[in-house]
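Student: Spelled out from the first residue to the last, the chains are:
Number of protein chains: 2
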Amino acid sequence: MTVVDVPDGSPFGLANLPYGVFSTPGAPPRAGVRLGDAVVDLARLLDDPVFAAPELNGFLAQGRARWTQVRERITALLAGDVPDDAVHPVAAVTMHLPFAVADYVDFYASEHHATNLGRLFRPDSEPLMPNWKHLPVGYHGRAGTVVVSGTEVVRPCGQRKAPDEPAPTYGPSRRLDIEAELGFVVGTGSALGERIGVDEFAEHVFGAVLVNDWSARDLQAWEYVPLGPHLGKSFATSVSPWLVPLAALEAARMPLPGQDPQPLPYLRGGEDWGLDVDLVVEWNGEEVARPPYREMYWSPAQMLAHLTVNGASARTGDLFASGTVSGPEPRQRGAFIELTWGGKEPVTVKGEQRTFLLDGDEVTISATAPGPGGTRIGFGEVSGTVARARGAHD
Amino acid sequence: MTVVDVPDGSPFGLANLPYGVFSTPGAPPRAGVRLGDAVVDLARLLDDPVFAAPELNGFLAQGRARWTQVRERITALLAGDVPDDAVHPVAAVTMHLPFAVADYVDFYASEHHATNLGRLFRPDSEPLMPNWKHLPVGYHGRAGTVVVSGTEVVRPCGQRKAPDEPAPTYGPSRRLDIEAELGFVVGTGSALGERIGVDEFAEHVFGAVLVNDWSARDLQAWEYVPLGPHLGKSFATSVSPWLVPLAALEAARMPLPGQDPQPLPYLRGGEDWGLDVDLVVEWNGEEVARPPYREMYWSPAQMLAHLTVNGASARTGDLFASGTVSGPEPRQRGAFIELTWGGKEPVTVKGEQRTFLLDGDEVTISATAPGPGGTRIGFGEVSGTVARARGAHD
Chain Z
1 MTVVDVPDGS PFGLANLPYG VFSTPGAPPR AGVRLGDAVV DLARLLDDPV FAAPELNGFL
61 AQGRARWTQV RERITALLAG DVPDDAVHPV AAVTMHLPFA VADYVDFYAS EHHATNLGRL
121 FRPDSEPLMP NWKHLPVGYH GRAGTVVVSG TEVVRPCGQR KAPDEPAPTY GPSRRLDIEA
181 ELGFVVGTGS ALGERIGVDE FAEHVFGAVL VNDWSARDLQ AWEYVPLGPH LGKSFATSVS
241 PWLVPLAALE AARMPLPGQD PQPLPYLRGG EDWGLDVDLV VEWNGEEVAR PPYREMYWSP
301 AQMLAHLTVN GASARTGDLF ASGTVSGPEP RQRGAFIELT WGGKEPVTVK GEQRTFLLDG
361 DEVTISATAP GPGGTRIGFG EVSGTVARAR GAHD
Chain D
1 MTVVDVPDGS PFGLANLPYG VFSTPGAPPR AGVRLGDAVV DLARLLDDPV FAAPELNGFL
61 AQGRARWTQV RERITALLAG DVPDDAVHPV AAVTMHLPFA VADYVDFYAS EHHATNLGRL
121 FRPDSEPLMP NWKHLPVGYH GRAGTVVVSG TEVVRPCGQR KAPDEPAPTY GPSRRLDIEA
181 ELGFVVGTGS ALGERIGVDE FAEHVFGAVL VNDWSARDLQ AWEYVPLGPH LGKSFATSVS
241 PWLVPLAALE AARMPLPGQD PQPLPYLRGG EDWGLDVDLV VEWNGEEVAR PPYREMYWSP
301 AQMLAHLTVN GASARTGDLF ASGTVSGPEP RQRGAFIELT WGGKEPVTVK GEQRTFLLDG
361 DEVTISATAP GPGGTRIGFG EVSGTVARAR GAHD
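Chains as they are written, first to last, in the UniProt record's numbering: chain Z, 1 to 394; chain D, 1 to 394.
The hints are simulated quantities; they were obtained by calculation from the structure and are not laboratory data.
There may be inaccurate statements among the hints.
[As the list claims (entries may be wrong)] Think about it this way: if two alpha-carbon atoms lie no more than 25 Å apart in a straight line, the pair counts; the simulated DSS-like pairs of lysine-lysine are:
(1) D:K344 x D:K161
(2) D:K161 x Z:K133
(3) D:K133 x Z:K161
(4) Z:K350 x Z:K161
[To be verified] To give a feel for the contact side, a few chain D residues facing chain Z, derived at Cβ under 8 Å:
(5) Y108
(6) S234
(7) R315
[Said to hold, decoys possible] Counterexamples of contact, computed for chain D against chain Z with all Cβ distances above 10 Å:
(8) D37
(9) Q62
(10) A102
(11) E194
(12) E295
Glycine included, C-beta positions come from ideal geometry on N, C-alpha and C.
Hey, can you work out the whole structure from these sequences and the hints?
Tutor: Next up, the structure:
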């Protein structure tokens, strides 16, 4: 038996306990919980086959009462001795996608980001569309290309056409970008024809991950009218391996910055799910932005209520992401197209002037939030390296 | 033992043999093949557990060589005596969703439809966007709300705002519509970072179903800028229960009507997957439109090549639909918004002037295509009845 050591100031203390799926050499992927610099094998610790699965979906589907019960049990067990063979150094395990993604929806909930993108994509129009302050604008992305942190991101090929070119050309994206986001994971779904009220958020959503919604801006700019982004986004979306339960984010909850006009009644009541999460974006190891989640206009409770108000069912494993987190300051922008203002204002990375991503570049997004008693809760990180395009010949 | 009788002129002869998932009272859903007015139990006929599953995905994942082998074996067996307990009258079974949907993408491949919708949604602009003839425009829909024919469609609630209203209001959609489409189902997928060439269509796609992409035009018109349709579509998408294999559609293949400008090289070579499929739309039992699939501008081979050209992986069970099938004539339009020109030109249904769908309305889309030797291949039908909105109070 052993006691899991938690280093002073670790963002993975007993108040956090995020869930993930890990494997060790020769053993299959299974569920674990992070404590300090260790991963604790939950199938071993709790002797429950739901945690022996290669994805958390079975546990997520069990519902909030069970989530609470398991968290209490883990908290109690990890305060004492645990079996030696249940504990693995985090550096010695491989992390996997923590849940099988059912549907993936990406929102657009930062007023600063939507305003900046509107100015860049539609310079001759009002930056915010008339609907933007009335509903959380969002769209469906490709669930099958959601990958875990560390997965290489192959530069996408596709069509792009600059305004001064007579016809589109085919080739590798020249404006490969990131979007730093938070993603929310549905535990218990809803039936077709029903809806999830804005006050039922915590009954249905298990927790949050970090998301990097890789974006090929040149492909997106050419394709996106009138049906929205498609190939500019569908090649890869990376998520962090640790799913932080909402229960760990109580101290991070705060009111939204304020909504004017007041939204329609079905969206009222979710304003208390603002979250004081600080994101950090590193480009080849150098910090380039600190997007503040507390600035987001729409809350995740409002996103879920909107998502289902038409009777669309939700399923275990549904992932809905916030859209790029950007604050009012230039160095709070969570996408490089904003940070470099469409490539016109390069940022310095390791002494070089940089705009969009080059092959070999690595981007890492991390985040922390307030925990109880002045501690911090860590989300870990989502990281990816850009690989050279394939099939770029035609 | 018994011989399955095939009525003269049946669109479900031995040249068709579509696959579905059915159940009989007291027995679980399992795979069957349609012959005449019978469903033949494949787990019983072939003694293969892959057909005992409640979805066809396991079989679809086995690949084209196996699909061919199974089709040959079924064809041979059904020409003779089969066990009595393998045969069920189609009227005595319940049909289920034939496959678990991985990702769902909806294209917009009819020039007539895209032009009509452009005129209706953006009357002051060119109806076709500049990208439309260069790439098959499409977007991701909600896989979790794809339902089988016969599933009731609850009228969706949501936000809508007429141009002359100062602010949006919430309530049941007032412009509930249909879209008559063909959908294509991926059998064997592709790896992340790879692409499926335009000539590899039949290696990856197993077959086709009918699709009704129910659409709330008022919700869609208000929400769709700039990220595309979302709640206006996500509440339900109905598919027919019979998955017609590509092998049954050889006689229906024909060249596309013609593409000008010539598409980029990665989209060339798929022009031989035009399909001579005749759709019929019935509204409360009265035929209101006959959309001709042969008029489609982009082929499904081009859609799949485009979908994956950025390295997006495909998975078994991916569904991609054509978008509304509309021909050049008014009575060839596969959506009511076109058929009634935005509600301004009602059609007569059972003696009444009708525009959009009322509660209780039933819509049935069916289709046939040429088979060998002057026969017809049937797709069966996709049907749905509109139920009253729920939760319309706020």
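Student: List, from low to high, the hint numbers that the structure doesn't satisfy.
Tutor: 4, 10 and 11
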